[in-house]
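K.L.:
Protein chains in written order, with my numbering: chain A, 1 to 118; chain B, 1 to 114.
Please keep in mind that the hints were generated in silico from the structure rather than gathered at the bench.
Note that CB positions come from ideal geometry on N, CA and C, so glycine has one too.
Just so you know, not all the hints are guaranteed correct.
Said to hold, decoys possible - Computed spacing ranges between beta-carbons, pair by pair:
(1) B:H82 x A:A2: 22 to 32 Å
(2) B:A53 x A:S27: 23 to 33 Å
(3) B:Q42 x A:E20: 38 to 48 Å
(4) B:E15 x A:E68: 39 to 49 Å
(5) B:E15 x A:S38: 25 to 35 Å
(6) B:A1 x A:S38: 12 to 22 Å
(7) A:E14 x B:R109: 29 to 39 Å
(8) B:L7 x A:S27: 30 to 40 Å
(9) B:H82 x A:K15: 42 to 52 Å
(10) A:S58 x B:T106: 17 to 27 Å
(11) B:E66 x A:T70: 36 to 46 Å
(12) B:A53 x A:T70: 34 to 44 Å
(13) B:A53 x A:E14: 47 to 57 Å
(14) A:S38 x B:A54: 30 to 40 Å
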Amino acid sequence: GAGVSQSPSNKVTEKGKDVELRCDPISGHTALYWYRQSLGQGLEFLIYFQGNSAPDKSGLPSDRFSAERTGGSVSTLTIQRTQQEDSAVYLCASSFGGQGAIGSGELFFGEGSRLTVL
Amino acid sequence: AQSVTQLGSHVSVSEGALVLLRCNYSSSVPPYLFWYVQYPNQGLQLLLKYTSAATLVKGINGFEAEFKKSETSFHLTKPSAHMSDAAEYFCAVSDRPGTYKYIFGTGTRLKVLA
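With these hints in hand, go ahead and build the complete structure from the sequences.
P.N.:
So, in structure tokens, the structure goes:
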């Protein structure tokens, strides 16, 4: 499809297990973002990619969280040893990140991956 | 540092009434400002954006917002609410020139009463 695709749409896991969330951005978008949406908390910035590089990982909540992007396209967010407080909707967005466009352009969001940690 | 404050986590209006959703921002440089809408079980989609052109910005579905530097505000309005406007609305700010960080508010859930 033409939009941002995220999988799985829903994931239920047990505390302590690892999970991987996948994001397939719009073709040609060089910028990719991960956000976490918790009830009443708005969108929490996690990490941003420009191409395969992540200039700023400061939004990742702990060292249990990591993300990578390969081929300037698909990105994977990995959460190790999940905790109940990790339960949230994880949103991915992409944008045309050409110089001058970053920060001024539209973010295109996927429908999110809802993670529930029991 | 940039920040966004949305006053009112829940707003209810009658169908046909004025919609006013409030957003105040803090930014050390002239900002880019955005409103996004999220319908149930969907991702966010852009309603409108301010990027230093006209201070009154018109968006989709009859929404508009006015950038007021003196009040550091970017409130979203629609003259007449429709049932289909029921959704969650997020204000976001990004510093310019061209940084990558978009900071979102906590959102306002709009309920439209018949």
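K.L.:
Does the Cβ pair E66 (chain B), T70 (chain A) satisfy 36 to 46 Å?
P.N.:
holds (43 Å)
K.L.:
Tell me if the beta carbons of S58 (chain A) and T106 (chain B) are separated by a distance inside 17 to 27 Å.
P.N.:
Holds - the Cβ-Cβ distance for S58 (chain A) and T106 (chain B), about 20 Å, lies within 17 to 27 Å.
K.L.:
Do the beta carbons of Q42 (chain B) and E20 (chain A) sit within 38 to 48 Å of each other?
P.N.:
For Q42 (chain B) and E20 (chain A) the Cβ distance comes to about 23 Å; the hint is violated.
K.L.:
Holds or violated: 25 to 35 Å for the Cβ distance of E15 (chain B) and S38 (chain A)?
P.N.:
holds (31 Å)
K.L.:
With respect to the beta-carbon atoms only, verify the hint that E15 (chain B) and E68 (chain A) lie 39 to 49 Å apart.
P.N.:
Roughly 47 Å apart at Cβ, these two residues keep to the hinted range, so it holds.
K.L.:
Just to be sure I understand the hint, the distance between the Cβ atoms of A53 (chain B) and T70 (chain A) should be within 34 to 44 Å; is that true here?
P.N.:
holds (37 Å)
K.L.:
Is 30 to 40 Å respected by the C-beta to C-beta distance linking L7 (chain B) and S27 (chain A)?
P.N.:
Since the Cβ atoms of L7 (chain B) and S27 (chain A) sit about 39 Å apart, the hinted range of 30 to 40 Å holds.
K.L.:
Between A53 (chain B) and E14 (chain A), does the C-beta distance stay in 47 to 57 Å?
P.N.:
holds (51 Å)
K.L.:
If you check the beta carbons of A53 (chain B) and S27 (chain A), does the distance land in 23 to 33 Å?
P.N.:
With Cβ atoms ~29 Å apart, the hint holds.
K.L.:
Assuming the hint says 42 to 52 Å, is it satisfied by the Cβ distance from H82 (chain B) to K15 (chain A) or not?
P.N.:
holds (43 Å)
K.L.:
Confirm or reject the claim that S38 (chain A) and A54 (chain B) have a C-beta distance inside 30 to 40 Å.
P.N.:
holds (35 Å)
K.L.:
Please test the hint of 12 to 22 Å on the beta carbon pair from A1 (chain B) and S38 (chain A).
P.N.:
holds (21 Å)
Consistency note: the structure conflicts with earlier hint 3 alone.
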